[in-house]
Each structure stands twice: as structure tokens, then as C-alpha cells.
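Q: Heads up: the sequence lines are chains D and L, in that order. According to full-length UniProt numbering, the first sequence is numbered sequentially starting from 1. According to full-length UniProt numbering, the second sequence is numbered sequentially starting from 1.
Quick caveat, the hints were computed from the structure, so don't treat them as lab data. The model shown is predicted, which means the values in this text are computed figures rather than measured ones. Treat the hints loosely; a few may be bogus.
Stated by the list, open to error - As a list, the in silico BS3-like pairs of lysine-lysine whose alpha-carbon atoms are at most 27 Å apart:
#1 K98/L x K47/D
#2 K98/D x K47/L
#3 K98/L x K9/D
#4 K35/L x K13/D
#5 K19/L x K65/D
#6 K98/D x K65/L
#7 K35/L x K9/L
#8 K98/L x K35/D
#9 K65/D x K98/L
#10 K35/D x K35/L
#11 K65/L x K47/D
#12 K13/D x K65/L
#13 K19/L x K98/D
#14 K47/D x K19/L
#15 K35/L x K13/L
#16 K47/D x K9/L
#17 K47/D x K65/D
2 protein chains.
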Amino acid sequence: MDKYAAYVKFTAKAGERDKLTNILMEAANAAQTVKECELYLINLSEKEPDAVWVTEVWSSADAHKASLDQPETRDSIARAMPLIAGVEAIPLNLLGGKGL
Amino acid sequence: MDKYAAYVKFTAKAGERDKLTNILMEAANAAQTVKECELYLINLSEKEPDAVWVTEVWSSADAHKASLDQPETRDSIARAMPLIAGVEAIPLNLLGGKGL
Numbered sequence: 001m002d003k004y005a006a007y008v009k010f011t012a013k014a015g016e017r018d019k020l021t022n023i024l025m026e027a028a029n030a031a032q033t034v035k036e037c038e039l040y041l042i043n044l045s046e047k048e049p050d051a052v053w054v055t056e057v058w059s060s061a062d063a064h065k066a067s068l069d070q071p072e073t074r075d076s077i078a079r080a081m082p083l084i085a086g087v088e089a090i091p092l093n094l095l096g097g098k099g100l
Numbered sequence: 001m002d003k004y005a006a007y008v009k010f011t012a013k014a015g016e017r018d019k020l021t022n023i024l025m026e027a028a029n030a031a032q033t034v035k036e037c038e039l040y041l042i043n044l045s046e047k048e049p050d051a052v053w054v055t056e057v058w059s060s061a062d063a064h065k066a067s068l069d070q071p072e073t074r075d076s077i078a079r080a081m082p083l084i085a086g087v088e089a090i091p092l093n094l095l096g097g098k099g100l
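Between the sequences and the hints, there should be enough to build the whole structure, so can you do that?
A: Okay, structure coming up:
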């Protein structure tokens, strides 16, 4: 399967998690009309109060890369960066399963 | 959102990852007819050769719990256990996004 898949953990600076979450939820909403974006789920972490996990699947690595060049994505990133203490990506090789 | 969501990392014993992956893919296939199971994706890890990550979303925690009592799930678990060196779950509070 040539899809691009990853879990991305954003760790917010103290007190900024909700503002960061809102920006990521806006991004997920904007992705509704982007067919190459197949999954973009926003999760909070029960174990880590400052963490926001994004589950993402794109039709290809190129599609994911191209999305980062979109003006609205650049704007989201610019607004989110000051709120972020750390980013950790877990790149995945999606084999398949139920739901996509 | 009251859905049950988690990332679960299964670490296979040396040389057993592919057998474990097959069992998990069978489980994902069996989940195709289980409407409470909304997402059950099987991923290999580029960083960790013995790891298999499962992305799962269920309609509720109860639905997820009930699934563990199903005979075919018990059978899969029994077949998988000897292949597994470790299991690590990242419980999530799914807020929403695209794809579900």
C-alpha cells in the first residue's frame, strides 16, 4: 500500500493545548474537501495532558508533501508553531484493515 | 465524543512479526462486518522492525470490551500471544476530524 500514514504527537506549551487543538481541528475541517487526505483525526491523550495526537492517512507521500505547501496549511502552521513545545512523528507503513 | 480510540503497539518476538501481522490482518478482516468497529488499521513501523501498530476506533468502550469476548477474537488472541514480546497501548480521546 503506497499511502502515507503516521501518528503525530504535538506537545503544547503549558496552557496552550486547547488553542493548538482548535487549530488542528480547523485543519481537519479544511481537509474535508481534500480527497487525497483520507484520514485526519484529532485526539487528546488521557496519559499526557499537553499532548494532541493526529492520526493521518494520505493517498501518497507526494500528496501529503503537497498539502504542506498550501497557503491555508502554511497559515495554520504559522499560528500553531508558537504554541508547540515538541513534535514527534511515528511514520507507519499502512498494510490495510477496516475503515479506509 | 464517546468513541473508544487507541493506538496499540504489538512488539513481536524475533522473527515472528509477519505471523503476528497475518493474525492481526485476519482480525481486521473479521471486523469488516462489525459495525461498532469503525477503524481497525494494521501498520508496520519504519523505525521498529518488530513492531505492528494497530489504529482502532470503536463506537464505544463497551463495544470494544464486548469484542474481546467474541470466540473468534479469543482464538486470535490465543494464537497471537506466543508471538508477542510486548504490548503498549496509547489510549486516546478522539475529538473528531476527517475520515470517520
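Q: Out of the numbered hints, which ones does the structure contradict?
A: Those not satisfied are hints 4, 5, 12, 14, 15, 17.
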